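K.L.:
Residue numbers (this note's numbering): 5 to 149.
Calculated directly from the structure, the hints in this document are not laboratory data. Source: prediction; values computed, not measured.
Mimicking DSS-like on lysine-lysine, the simulated pairs with C-alpha atoms at most 27 Å apart in a straight line are:
{"no.": "1", "residue 1": "Lys119", "residue 2": "Lys49"}
{"no.": "2", "residue 1": "Lys63", "residue 2": "Lys104"}
{"no.": "3", "residue 1": "Lys119", "residue 2": "Lys104"}
{"no.": "4", "residue 1": "Lys49", "residue 2": "Lys63"}
{"no.": "5", "residue 1": "Lys104", "residue 2": "Lys49"}
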Amino acid sequence: MIGTSCVPEDKLQQRPIVLRKRRKRVQTEANWSMFYYHFNQDHIKPDLIWNYRTREELKDALEKEMRDFSSCRDLSRSITISWNHTEFEVHYNTLAEEIKIGDYYLRLLLEEDEKDTSGNSYIKKNRMNFLMTFITVFFYLPNHL
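Whenever a hint applies, use it, and build me the whole structure from the sequences.
P.N.:
Listed below in structure tokens is the structure:
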């Protein structure tokens, strides 16, 4: 016996019982070919406008960010600097005139609703939520447009 413990010494030397198996990390695979395919396609949906102009705006913003980063790095040779990706933003001027309610572009929502004959459009399926969001945005938050 060790000290005041009631557990025999040989039991203390045994390995602990594993109650559950070790979790394996799930490795996700990047499907870059699919990403580039969709990246280079035009998408016009109520929740996404992606075309040549938006791609150019992203490209210009990335090039400017790289130039700024390089000049900062050149100016501070003795200090190691790193890029803070969370601060990177792209302002899509081509989308500035689109009215957006929540995550949806109003023009495209209305066009989709106009074309839909099955009653499955976003507005028809979620009429009350859409109206409440619309009322909130236009009447209670006029400064946020």
